[in-house]
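Can you make the complete structure from the sequences, with help from the hints?
Number of protein chains: 2
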Amino acid sequence: MQEDPITRPIAELSAKLRANKLRSADLAENALDRIARFDGKLESFVCVADDARAQAAAADREIAEGRWRGHLHGVPVAIKDNYLTANMPTGAGTDARGVEFARQDSAVVARLRAAGAVIIGKTRMHEFAWGNVTPPAKNPWDTSRVPGGSSGGSGAAVAARIVPMAMGSDTGGSIRIPAALCGTVGLKPTFGRVSRAGIVPHSWSLDHAGPLSYTVADSAHTLNAISGHDPNDPGSARIDVPDFSAALGQPVAGLRIGICRNHMFDSNQPDVGEAIESAIRFYRDAGAHLVEFELPILAFGLGAIFAIELSSSTAYHSRNLASGAAKGFTDDVRTLVEMGRMVSGADYLKAEQLRRTLIDDLAKVFADVDVIIGPTCPLTAWPIGEWSVRIGDQDESVLAASWRLTYPWNLAGLPAISLPCGFDSAGLPIGLQLAARPFDEANLIRAADAYERSHDWKDISPKLST
Amino acid sequence: MQEDPITRPIAELSAKLRANKLRSADLAENALDRIARFDGKLESFVCVADDARAQAAAADREIAEGRWRGHLHGVPVAIKDNYLTANMPTGAGTDARGVEFARQDSAVVARLRAAGAVIIGKTRMHEFAWGNVTPPAKNPWDTSRVPGGSSGGSGAAVAARIVPMAMGSDTGGSIRIPAALCGTVGLKPTFGRVSRAGIVPHSWSLDHAGPLSYTVADSAHTLNAISGHDPNDPGSARIDVPDFSAALGQPVAGLRIGICRNHMFDSNQPDVGEAIESAIRFYRDAGAHLVEFELPILAFGLGAIFAIELSSSTAYHSRNLASGAAKGFTDDVRTLVEMGRMVSGADYLKAEQLRRTLIDDLAKVFADVDVIIGPTCPLTAWPIGEWSVRIGDQDESVLAASWRLTYPWNLAGLPAISLPCGFDSAGLPIGLQLAARPFDEANLIRAADAYERSHDWKDISPKLST
Numbered sequence: 065m066q067e068d069p070i071t072r073p074i075a076e077l078s079a080k081l082r083a084n085k086l087r088s089a090d091l092a093e094n095a096l097d098r099i100a101r102f103d104g105k106l107e108s109f110v111c112v113a114d115d116a117r118a119q120a121a122a123a124d125r126e127i128a129e130g131r132w133r134g135h136l137h138g139v140p141v142a143i144k145d146n147y148l149t150a151n152m153p154t155g156a157g158t159d160a161r162g163v164e165f166a167r168q169d170s171a172v173v174a175r176l177r178a179a180g181a182v183i184i185g186k187t188r189m190h191e192f193a194w195g196n197v198t199p200p201a202k203n204p205w206d207t208s209r210v211p212g213g214s215s216g217g218s219g220a221a222v223a224a225r226i227v228p229m230a231m232g233s234d235t236g237g238s239i240r241i242p243a244a245l246c247g248t249v250g251l252k253p254t255f256g257r258v259s260r261a262g263i264v265p266h267s268w269s270l271d272h273a274g275p276l277s278y279t280v281a282d283s284a285h286t287l288n289a290i291s292g293h294d295p296n297d298p299g300s301a302r303i304d305v306p307d308f309s310a311a312l313g314q315p316v317a318g319l320r321i322g323i324c325r326n327h328m329f330d331s332n333q334p335d336v337g338e339a340i341e342s343a344i345r346f347y348r349d350a351g352a353h354l355v356e357f358e359l360p361i362l363a364f365g366l367g368a369i370f371a372i373e374l375s376s377s378t379a380y381h382s383r384n385l386a387s388g389a390a391k392g393f394t395d396d397v398r399t400l401v402e403m404g405r406m407v408s409g410a411d412y413l414k415a416e417q418l419r420r421t422l423i424d425d426l427a428k429v430f431a432d433v434d435v436i437i438g439p440t441c442p443l444t445a446w447p448i449g450e451w452s453v454r455i456g457d458q459d460e461s462v463l464a465a466s467w468r469l470t471y472p473w474n475l476a477g478l479p480a481i482s483l484p485c486g487f488d489s490a491g492l493p494i495g496l497q498l499a500a501r502p503f504d505e506a507n508l509i510r511a512a513d514a515y516e517r518s519h520d521w522k523d524i525s526p527k528l529s530t
Numbered sequence: 065m066q067e068d069p070i071t072r073p074i075a076e077l078s079a080k081l082r083a084n085k086l087r088s089a090d091l092a093e094n095a096l097d098r099i100a101r102f103d104g105k106l107e108s109f110v111c112v113a114d115d116a117r118a119q120a121a122a123a124d125r126e127i128a129e130g131r132w133r134g135h136l137h138g139v140p141v142a143i144k145d146n147y148l149t150a151n152m153p154t155g156a157g158t159d160a161r162g163v164e165f166a167r168q169d170s171a172v173v174a175r176l177r178a179a180g181a182v183i184i185g186k187t188r189m190h191e192f193a194w195g196n197v198t199p200p201a202k203n204p205w206d207t208s209r210v211p212g213g214s215s216g217g218s219g220a221a222v223a224a225r226i227v228p229m230a231m232g233s234d235t236g237g238s239i240r241i242p243a244a245l246c247g248t249v250g251l252k253p254t255f256g257r258v259s260r261a262g263i264v265p266h267s268w269s270l271d272h273a274g275p276l277s278y279t280v281a282d283s284a285h286t287l288n289a290i291s292g293h294d295p296n297d298p299g300s301a302r303i304d305v306p307d308f309s310a311a312l313g314q315p316v317a318g319l320r321i322g323i324c325r326n327h328m329f330d331s332n333q334p335d336v337g338e339a340i341e342s343a344i345r346f347y348r349d350a351g352a353h354l355v356e357f358e359l360p361i362l363a364f365g366l367g368a369i370f371a372i373e374l375s376s377s378t379a380y381h382s383r384n385l386a387s388g389a390a391k392g393f394t395d396d397v398r399t400l401v402e403m404g405r406m407v408s409g410a411d412y413l414k415a416e417q418l419r420r421t422l423i424d425d426l427a428k429v430f431a432d433v434d435v436i437i438g439p440t441c442p443l444t445a446w447p448i449g450e451w452s453v454r455i456g457d458q459d460e461s462v463l464a465a466s467w468r469l470t471y472p473w474n475l476a477g478l479p480a481i482s483l484p485c486g487f488d489s490a491g492l493p494i495g496l497q498l499a500a501r502p503f504d505e506a507n508l509i510r511a512a513d514a515y516e517r518s519h520d521w522k523d524i525s526p527k528l529s530t
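Chains as they are written, first to last, in the numbering used here: chain R, 65 to 530; chain Y, 65 to 530.
Hints are computed from structural coordinates only; laboratory data are not their basis. One thing to keep in mind: the hints can contain errors.
Which copy is meant is left open, because identical chains are indistinguishable; a pair holds if it fits in one copy or across any two.
Calculated cross-link-like contacts (lysine to any residue; reagent style SDA-like; alpha-carbon spacing at most 20 angstroms) [as the list claims (entries may be wrong)]: (1) Lys428 x Leu319; (2) Lys80 x Asp114; (3) Lys428 x Pro298; (4) Lys414 x Met403.
Because the structure is a prediction, the values reported are computed rather than measured.
Written out as structure tokens, the structure is:
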């Protein structure tokens, strides 16, 4: 049986598209066909674009005329449902009445269109990005398990090879957790690198936009397309955007890899811990320098990010609380939005002070290391409906454990990537997380790509049932 | 009768000190003598330095040896009691038990010492800088009236010509209000210009350090001595420090003077309003361009600064609330610190959003103007014990009215100066306030100095009784 073309990475597709050996129209048809075949079960999409075929046809015409725009030109991609889109409604994961969003393109979607991408559909998300479960979406590796969240639809759609890239957003781990649980690459760029204008906010100072993709290279190509200053995002940085693809294929000899031995390795599932130690050995054997350290402040991070997230989310939803629309939220999200009123401004400021100290402490660490390595998530995909998991010899709340290793990079605003690094004994994907200095996505991509090239995890896909 | 030398501005004193026509020891003796003669009544000082005479003698030796350090060398100055000092205890205006402060120099005091100033005493302040009354200090123009606050002791001490400069701190107007009510110059520099390291915090994002002085020129000389980056203040800016005295004596022809006709002129005492209109005419006649505008957002500023101030103050005092030390605060301050717990993190964030919009709106205004003019305070010094004043045909809360025109420049972090511009019908001083772009203290000083040189307000001092 001929392999579906859409299951191949963007770098491959774009070479064929540019050479007129593949048509965007066929790719779009292939993606739509896979949605029809597999997504009834996975429920990773909430909306398919009426104009998907027209977008693809337009891309084909341009490419045929020699006006190739770059790697994303003619490639079908999906967008998390909290990004505003002109050609599709935006739901932000909520069914609540009285909550509506503008029908216009968010900054990232506009940039993707300018790069020639075919915006094929919107992916399911945890309501208002406030959770790690994303019901009713399922994990393509085991449909009795969660895809993670809040960008769970993007994780499932990319893992099911329906599209080679789907945008996610990440406030405490919402790109990297579904990437880890679904076995895809997920990149959270530095705070300020990618505009959030036109993305339904969760927590302004923690929200990041970034891609989930089959490969590290494709996350670099996507980052090239979506990065840059945007005056419409108050958090957007005025900083040069390098060509991130220049970091691909580079050796890691001499790179200094930091290992935070507290917090990041305190309580992980044994399979997860072993996979990460194996990845660490890969870097050592490739000539990287390993630097172990501890960061005691991480013991206090959860309270800080939770106070900031609760306050910001409740500030954003104050209109929905006042109008009564919040009554229509799902119970878990409504509870969080209402709980946010209990956090005082003084608590918020103490959380911000801790954040400042964490940033300063990390700056000291990054004087001696280039990239910090660890797991993305202490556990692999958990069964739908489970709220407690056994890690080692203790039971832990899934909600508390799942983002423990990702939220520090939101608090600090540093770039972080999750990439596949093997499977646990149940055959579920494990995520390796790397983080780097502010705006040093290049070293992140360099280190991640080197690992990916030396392993074949990216070539193993889940068996899907229709 | 010979005039007391300490009653003359720093610029004059320093010329004589440098030329060995005046001794720092005599100036210090003169200041101590005036404290003894007048401060029993005024209660503007809380502490006099044991080593004042020794500091002055050291300055005299250095100057005699030809090692003159600059305008402040050998000049007695006073320090608000929330600046840590190595040679004196710090009280921050509180008598509460269980609240103690380190015996070391704050960054500004260290810079003043490096400039050769004689740190002669600490001035009274409203408890924790949380109020505009500063009991039991009195206004030298009428000792039945308040000196304003929270730097009321600095205002009274400078107005009484005990020292030509006293440092203040300003979170919502605490330098400019006592300057206006006591008839001195008071300068709040741009947020980030002067280090707050070692100043007992009130509200980190609103606190500013700056001088009260007899003249605009002396505020420029002081600013030269205390400005510059300090890694120990997270709010400190990395930005060049010009020689602010270069702005003295410059013409104002061509300067664009902005007049915010809403808020700043909504409800001022008639004498105050007339004095400001007269100052506006001065600038027009001197060749400045007048630009009238409105800033509707100012209608919502009070709630925003109050939410930020309450949250920050309560965050700072959370240890004192937990230990019970806050029970020893005066009732008004204890109430504010306890009230701060009612402000939610969501409220705080909405206040910060308003602040951001105010900053953006002001940036647009400053595209067309160089300096914004208005009153410092809608009223002149009110009687001690009064909490309500009649302004025009309505009764207003003194606490709400007194900082209405000053707090916008704290929210926006812009430089602002108050300088004397006449007297009301009761003979009480009126303050003229000017504000400028971020880090453009030069235009502020230029405009203020031009007005001061053309008027004789600075040469009129209160009649003091012993």
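*asked:* When Cα atoms must be at most 20 angstroms apart, do Lys80 and Asp114 count as within-copy, between-copy, both, or neither?
replied: neither (25 angstroms within a copy, 85 angstroms between copies)
*Using 20 angstroms as the alpha carbon limit, work out where Lys428 and Leu319 are close: within a copy, between copies, both or neither.*
within (17 angstroms within a copy, 46 angstroms between copies)
_Intra/inter-copy verdict for Lys428 and Pro298 if alpha-carbon distance must be at most 20 angstroms_ = For Lys428 and Pro298, the Cα distance is within 20 angstroms only across copies (16 angstroms; inside one copy 27 angstroms).
*Status of Met403 relative to Lys414 across identical chains (alpha carbons, at most 20 angstroms)*: Answer is both; intra-copy 18 angstroms and inter-copy 17 angstroms each pass.
In this structure, the one hint that does not hold is number 2.
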